[in-house]
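Top line first, the protein sequences correspond to chains A and B. Per the working numbering: the first sequence ends with 263, consecutive numbering throughout. Per the working numbering: the second sequence ends with 697, consecutive numbering throughout.
By construction, these hints were calculated from the structure, which means they are not laboratory data. Note that the coordinates shown come from a computational prediction; the quantities given were computed from them, not determined experimentally. Careful: at least some of the hints might be erroneous.
[To be verified] One-sided and incomplete, this derived list gives chain A residues near chain B with beta-carbon spacing under 8 Å:
{"#": "1", "residue": "Arg61"}
{"#": "2", "residue": "Pro83"}
{"#": "3", "residue": "Ala88"}
{"#": "4", "residue": "Phe95"}
{"#": "5", "residue": "Ile99"}
{"#": "6", "residue": "Pro102"}
{"#": "7", "residue": "Gly103"}
{"#": "8", "residue": "Val104"}
{"#": "9", "residue": "Thr112"}
{"#": "10", "residue": "Ile117"}
{"#": "11", "residue": "Ser204"}
{"#": "12", "residue": "Pro205"}
{"#": "13", "residue": "Asp257"}
{"#": "14", "residue": "Ala260"}
{"#": "15", "residue": "Ala262"}
Ideal Cβ positions, reconstructed from N, Cα and C, are used throughout, including at glycine.
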Amino acid sequence: MLKINNLQAAIGEKQILKGINLEVKAGEVHAIMGPNGSGKSTLASVLAGREDYDVTDGSVEFMGSNLLDLSPEARAAEGIFLAFQYPIEIPGVTTINFLKTAINQIRKYHGQDPLDAAQFLRMMREKAKLVKIDDALLKRSLNEGFSGGEKKRNEIFQMAMINPKLAILDETDSGLDIDALRIVAEGVNTLRSPENATIVVTHYQRLLDYIVPDYVHVLYQGRIVKSGPKELAYELEEKGYDWIKDEVAQAV
Amino acid sequence: MNHPDFIQLPMTLKDKLISDFKDAELRLNGEAQTPLHRTRQQALRSFEELGFPTIRHEEWKYSNVSTLAKQAFDFGQATDFGQAEVAQLSIPKLDGNILYFVNGVYRADLSKVVSNPSTLKISSFADAARTNPGLIEKHFAKYANFEDNAFTALNTAFTHDGVVIEVPDNQVVAEATVLRFVNDARTANAASQPRNLIVAGKNAQIKVAESFRTVGDFAGFTNVVTEIVLHENANVEYYKVQNESNSSYHIGTTQVCQHDKSHFYSATVTLNGGFVRNNLNIVLDGQHCEAFMYGLYFPNGKQHVDNHTLVDHAKPNSYSNEVYKGILKDKSTGVFNGKIFVRQDAQKTNAYQTCRNVVLSDEASMNTKPQLEIYADDVKCSHGTTTGKLDDEALFYMRSRGIPKDQAMTLLTLAFCDDVVSQIKIDAIREYLRELIQEKLAE
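With the hints as constraints, model all of the structure from the sequences given.
In structure tokens form, the structure reads like this:
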């Protein structure tokens, strides 16, 4: 589904990603871990098409097409979804109106007719139940005045509505208490299927107790320096990141 | 500004207007002796002394009227503007009292008044001057100062028509009252100087909208003055909507005087206009008053929109809140100048002001100047202005959900405008504006 080959990206003069290689297949969950400043969120942003970053080398193939050639909106329509670490508050645009516009634009991209109001409402109710989000919240301005947990739950709700092929969860656990974390994770797990894939970007292992990965990758200084099965996450939890840093230092 | 047919004067507009005034005076007969006319004469003398302001005048630093002062305008020019034209300007689903003024002259044939006459006393200024001279004498030019404002002086000197509204004590006018001022510039330059007076009695309530349009491509000049008096516990909603042409000049002053416990609620929306200057001056001459001022301007092309507001807290315990927002496209320019005075007596005043602007092009520009002068020591006042581009983070967020960039910009801009538009409580006008804003964004 996703093939990242030697991806390098910079912001201004500063090189952040220094050659990422990663392959994600349908049905898989990959965790990307690493210390702060290692480039985890940059990778997520570059995949979603944030324009602040310059891709200086490498390629990304998604469902057979060159992802880096696509605008952020086209990437979304092709099936990439980024759950934001810090979801944006947009006063004056309700979640409902926002999602209706998004979904109908994606449908338009695929040559499909827009959903009518009744179809949309039915779908919304069903998905809201799935991720346990309050209807009243959806009628309010997007994320405006939402608590941290409500914002993250709204991200997962949007994901449920858009039904992406590849979901990238960027530090979805940050700022969540354990109950909120569990609800968010349940939402993600309910949406998993053999046809879609998930990349979980996180600093801590605790989210991976709830969203169990097939592979764990450690990102450090802009490179994936270690990959392994889910047990690698426990090792990191126990020993911290220093031993990885030492390994990298010795290898140089 | 575009002037397809720039009609230049052999003399300056100032000289022409003064000579027009004297010619008209010769035809007045008995009216020349009325208090109304004596005020006109005083105002003319002020205008003669002041002349049109130049950009050296502090209040006109960013708004240059020199091209206006060179053009030829006759007030109240004959027009064949009729029902067919009204149909083209009509606002869908708008009910209530709808009064048309074409080139500054009241048009009974195009207007309708549905409210009960014991609830709403409404007439043209020209009629009120004959039938209710007491009311005119008591209030006319008692609030809008013509001694230091050339345009107010000019309007006062040429006061002839407009609307006079009186809501007697304890009366609530349920229906909206919409005043539609049209300059017909289809075949020649058009000019008008409407003069309006709105007096809300004790415990009275009314909602009034002024709508300004210039039709046709010749130059238009509107110089309007509206005086609004709110007696104790009165409640007035006042909306000003401008959808003028690129060849039009609009200069307007709304002067509000609030007595104890009155509630004034306003929104000024400028959708289009070659040159627009709005002065909104509110004197809180009573205790426990509330004044709300919302504003939205959305110039494009080479349009220029200038909003000057003044809130004068003269007595203690009152509240004012002001929110102005601007979207500037292309090479347009905007000015916001917001003054708040809190006089020494006006303890326990709460006064707030914000002005936020989004500049959609590198060639557009905005000048903002908040001015707070506070002479009391127990007050809460704040102000803040921002001018910037649309939020890139918000744009990316929307695009990452599949919404194309231009549509994301439209959604964000509409949401930004809606902070102000949603404050308009005359449903038909609010919805009409929403549509016009969407259309203008799509241009």
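Status of each hint after checking the structure:
no., hint, result
1, Arg61, "holds (6 Å)"
2, Pro83, "holds (4 Å)"
3, Ala88, "holds (5 Å)"
4, Phe95, "holds (7 Å)"
5, Ile99, "holds (4 Å)"
6, Pro102, "holds (6 Å)"
7, Gly103, "holds (3 Å)"
8, Val104, "holds (5 Å)"
9, Thr112, "holds (6 Å)"
10, Ile117, "holds (4 Å)"
11, Ser204, "violated (20 Å)"
12, Pro205, "violated (24 Å)"
13, Asp257, "violated (37 Å)"
14, Ala260, "violated (36 Å)"
15, Ala262, "violated (36 Å)"
The structure shown violates the earlier hints numbered 11, 12, 13, 14 and 15.
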